[in-house]
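In case you want the letters, here they are:
Number of protein chains: 2
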Amino acid sequence: MITKTIFVIFDGLGDRPIPAFDGQTPLEYAHTPNLDALAARSICGLMHPLGRGVRPGSDVSHLAIFGYPLEKYYTGRGPIEVAGLGKSGLAMQAGDVALRGNFGTVDAQGNIIDRRAGRISDVTPFAAAIDGMVVDGVRCRVIAGTAHRAGVVLQGKGLSAAISDADPHAEGHPVAAVRPLDDSKEAAFTAEVLNTFMRTSHETLSGLAINEQRSAAGQLPANFLLVRGAGVYPSMPAFNEKYDLKSCCIAGGGLYKGIGAFLGMDIIEVAGATALPDTDIAAKFAAAVQMTENYDFVFVHVKAADSLAEDGNFEGKKTFIERADAAAALFSNLPDDTLLVMTADHSTACELKAHTADPVPLMLCNPSVRIDAVSQFSERACMQGGLGQLDAANIMPEVLNMMGKLPLVGA
Amino acid sequence: MITKTIFVIFDGLGDRPIPAFDGQTPLEYAHTPNLDALAARSICGLMHPLGRGVRPGSDVSHLAIFGYPLEKYYTGRGPIEVAGLGKSGLAMQAGDVALRGNFGTVDAQGNIIDRRAGRISDVTPFAAAIDGMVVDGVRCRVIAGTAHRAGVVLQGKGLSAAISDADPHAEGHPVAAVRPLDDSKEAAFTAEVLNTFMRTSHETLSGLAINEQRSAAGQLPANFLLVRGAGVYPSMPAFNEKYDLKSCCIAGGGLYKGIGAFLGMDIIEVAGATALPDTDIAAKFAAAVQMTENYDFVFVHVKAADSLAEDGNFEGKKTFIERADAAAALFSNLPDDTLLVMTADHSTACELKAHTADPVPLMLCNPSVRIDAVSQFSERACMQGGLGQLDAANIMPEVLNMMGKLPLVGA
Chain A
1 MITKTIFVIF
11 DGLGDRPIPA
21 FDGQTPLEYA
31 HTPNLDALAA
41 RSICGLMHPL
51 GRGVRPGSDV
61 SHLAIFGYPL
71 EKYYTGRGPI
81 EVAGLGKSGL
91 AMQAGDVALR
101 GNFGTVDAQG
111 NIIDRRAGRI
121 SDVTPFAAAI
131 DGMVVDGVRC
141 RVIAGTAHRA
151 GVVLQGKGLS
161 AAISDADPHA
171 EGHPVAAVRP
181 LDDSKEAAFT
191 AEVLNTFMRT
201 SHETLSGLAI
211 NEQRSAAGQL
221 PANFLLVRGA
231 GVYPSMPAFN
241 EKYDLKSCCI
251 AGGGLYKGIG
261 AFLGMDIIEV
271 AGATALPDTD
281 IAAKFAAAVQ
291 MTENYDFVFV
301 HVKAADSLAE
311 DGNFEGKKTF
321 IERADAAAAL
331 FSNLPDDTLL
341 VMTADHSTAC
351 ELKAHTADPV
361 PLMLCNPSVR
371 IDAVSQFSER
381 ACMQGGLGQL
391 DAANIMPEVL
401 NMMGKLPLVG
411 A
Chain B
412 MITKTIFVIF
422 DGLGDRPIPA
432 FDGQTPLEYA
442 HTPNLDALAA
452 RSICGLMHPL
462 GRGVRPGSDV
472 SHLAIFGYPL
482 EKYYTGRGPI
492 EVAGLGKSGL
502 AMQAGDVALR
512 GNFGTVDAQG
522 NIIDRRAGRI
532 SDVTPFAAAI
542 DGMVVDGVRC
552 RVIAGTAHRA
562 GVVLQGKGLS
572 AAISDADPHA
582 EGHPVAAVRP
592 LDDSKEAAFT
602 AEVLNTFMRT
612 SHETLSGLAI
622 NEQRSAAGQL
632 PANFLLVRGA
642 GVYPSMPAFN
652 EKYDLKSCCI
662 AGGGLYKGIG
672 AFLGMDIIEV
682 AGATALPDTD
692 IAAKFAAAVQ
702 MTENYDFVFV
712 HVKAADSLAE
722 DGNFEGKKTF
732 IERADAAAAL
742 FSNLPDDTLL
752 VMTADHSTAC
762 ELKAHTADPV
772 PLMLCNPSVR
782 IDAVSQFSER
792 ACMQGGLGQL
802 DAANIMPEVL
812 NMMGKLPLVG
822 A
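For the protein sequence lines, the chains are A and B, in the order given. Residue 77 in this note's numbering is what sits at position 77 of the first sequence, and the numbering runs on without skipping anything. Whatever position you read off the second sequence (first residue = 1), add 411 for this note's numbering.
Honestly, the hints are just simulated from the structure, not real lab data. A few of these clues could be false.
Straight-line alpha carbon distances no greater than 30 Å define the calculated DSS-like cross-link-like pairs of lysine-lysine that follow [stated by the list, open to error]:
1) LYS657/B - LYS764/B
2) LYS185/A - LYS353/A
3) LYS483/B - LYS816/B
4) LYS816/B - LYS353/A
5) LYS483/B - LYS72/A
6) LYS246/A - LYS72/A
7) LYS483/B - LYS568/B
8) LYS568/B - LYS353/A
9) LYS657/B - LYS483/B
10) LYS246/A - LYS353/A
11) LYS157/A - LYS185/A
12) LYS653/B - LYS816/B
13) LYS405/A - LYS246/A
14) LYS764/B - LYS568/B
15) LYS657/B - LYS353/A
16) LYS72/A - LYS653/B
17) LYS816/B - LYS72/A
18) LYS72/A - LYS157/A
The shape of chain A in the complex, shown without the other chains (with noise of 0.2 Å):
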């Protein structure tokens, strides 16, 4: 009886023929031993993320893979990458309004002269001394994230997530008023928060004794918090109660561990996962197995085959396929209480470097499954699979049936 699952999401895997691998995509020209044994002890398919004829981002891909569809849950960046953001999270509440940002610094006339402070390795003193404020009745919430990167939450009332960047996403120029998109009293509401916040803590970042240290020593100085990306944070089901399965998340890009956090996954950190070509996939992979032990639900995000593929390098996207595969052999043992899945959460196509609507290999494994013939983890060896094609929003209801956890409708 399957009690766990494996839940591996290769990035941007899908891809078109190379002419260069005598017509073959990245994932069949690769080596694949593995991922092909894998797939010869599975139910496969081909899957469309968010339907056939649909280009995905990841961000909307990754919530319909599981059971989060966008017209019900997306409003935007802002608080997924949020929600990743700081050891300990930052406990957002439906109707929250999320951000990104950056730390900068701005001259006395207010001109941008960095977007990223002197690309600053951390920070968290900077965030700390502004977080907190207050501003007509709405809270500002400031969290630090990696480099110069921060995360801003406003709770309160009556606030609109349609407002415009602050971050002219350039430098030599001042930075943007942010102005309502919509004609709503709310908007206007939150953009003249945000104003006054920004401006307020651009006060405040000025008089610290680290900037002032920072100067002294030749640095930009961190004086501003360009924000951008504003979204509503929705009211949702976390996915260990919409489920009843104890979750966590392995993953090392930001986008992806905030989709984890965002879920209300545990983050689990895995030395070594870089969201890189250079990434351990082997210690994510071992990591996902030991996870096992402590959770029902274990995901694994691997990035950087999508990352090569934006690139158009499809001899790099090959070799890392392939270092993929090597890592997979780890999940041969795996134990018949454990579903193994594996898919991408869209194509990305080398030619085009971009994503594409083309469907993604799918592969259930596991000995209770009705094993089919395909015995190739690829593009096209799927199409033949038990699965057919199917979209994100089938894959969860897939999982929970395999896991006997589904309901029954009538008697």
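Model the placement of chain B on the given structure of chain A, informed by the hints.
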């Protein structure tokens, strides 16, 4: 990278097993080495034009294939047929009511002697004589079609297409008064306008010198315009704007030119394109290839497989398919920047002499598609295609996906 699409629709191509063909369909039984070779370089599938178990008309199926669902854009055949009439077309606006018409002959008692005025060959001067009349503020436009055919467009306020036909579709009967088909004042008003228009134009036509000359020569006068098939011209985006694709239409049949014109495609006239079994398919395909120099999207319609099946003529259908196959040899050398799509708008079963809901084969041919194992272009071979089974509504997204033109959802 794909920048052009040639989109071929074989009308009524799908069929059912024919006992005289050893239980094969006309498409299976026909010798089609070129279509099969193209399928072998394609990703294939089966298309249910309007969804499973829906028996499609040609007009609505074409609209659905091009991304214009019938619920939103189909109000009757009038606007589509009228859109295709005349070299210069007749610019319609949303809310106009369009009808098909025949110039016929009525006697002094108002009975129809001949619905086609002795199969008159050209009604241009008759249409011109009654074009532009204004009845109760409604402008009545008349445009000549081929032979006895014409189109009528009512332009003004308060119009409705919920009206009956004036054409009783039989001779020896009086012209039917147009009646409102619902209780709206718009339908009553439109019926009244049309009845006045037909009465007044009958007087005008009866007095024309060209009709006196016809009578003197022993020909039936074209003294009445019988209208039918009212539809409202919908508010809709032109194909070129909807998809950012410069498009044209190559077709022999009036309805299919009408579909192209209705969607705002340029209509390309090809000598020898008759919409009959003798049509010059090779000339149409050659024109399609040539048109890719100036257009991003070339729609080619090939009619006769449908007409032959409607007659139950499976031998003729098979022979016509073999002629189409010979013409398709031209497509074997398409450049890599051109996607070739081949499909049908519906099946027409020789056994039933009627359209059926059986799905139709579909191929997308280009080196950048995930070429599947299908090596025959047929109803049964395409069951195993990598596209699986899909609806007409999925087709344009698949094309846009291959062309790298889909918007990204999420980030």
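Status of each hint after checking the structure:
1. LYS657/B - LYS764/B: With a Cα-Cα distance of about 37 Å, the restraint between LYS657/B and LYS764/B is violated, given a limit of 30 Å.
2. LYS185/A - LYS353/A: violated (41 Å)
3. LYS483/B - LYS816/B: At roughly 24 Å apart (the allowed maximum being 30 Å), LYS816/B and LYS483/B satisfy the hint.
4. LYS816/B - LYS353/A: At roughly 13 Å apart (the allowed maximum being 30 Å), LYS353/A and LYS816/B satisfy the hint.
5. LYS483/B - LYS72/A: Since the Cα atoms of LYS483/B and LYS72/A sit roughly 25 Å apart, the hinted pair holds (cutoff 30 Å).
6. LYS246/A - LYS72/A: Answer holds: LYS246/A to LYS72/A is near 23 Å, not above 30 Å.
7. LYS483/B - LYS568/B: holds (21 Å)
8. LYS568/B - LYS353/A: Violated: LYS568/B and LYS353/A sit about 51 Å apart, past 30 Å.
9. LYS657/B - LYS483/B: holds (23 Å)
10. LYS246/A - LYS353/A: violated (37 Å)
11. LYS157/A - LYS185/A: Holds: LYS157/A and LYS185/A sit about 12 Å apart, inside 30 Å.
12. LYS653/B - LYS816/B: Holds. LYS653/B to LYS816/B sits at ~11 Å (cutoff 30 Å).
13. LYS405/A - LYS246/A: Satisfied, since the Cα-Cα distance of roughly 13 Å is no more than 30 Å.
14. LYS764/B - LYS568/B: Violated, because 42 Å separates the two Cα atoms, which is more than 30 Å.
15. LYS657/B - LYS353/A: Roughly 24 Å between the alpha carbons, so the hint for LYS657/B and LYS353/A holds.
16. LYS72/A - LYS653/B: holds (27 Å)
17. LYS816/B - LYS72/A: holds (26 Å)
18. LYS72/A - LYS157/A: The given pair, whose Cα atoms are some 21 Å apart, holds under the 30 Å limit.
Of the numbered hints stated above, those contradicted by the structure are hints 1, 2, 8, 10 and 14, listed in ascending order.
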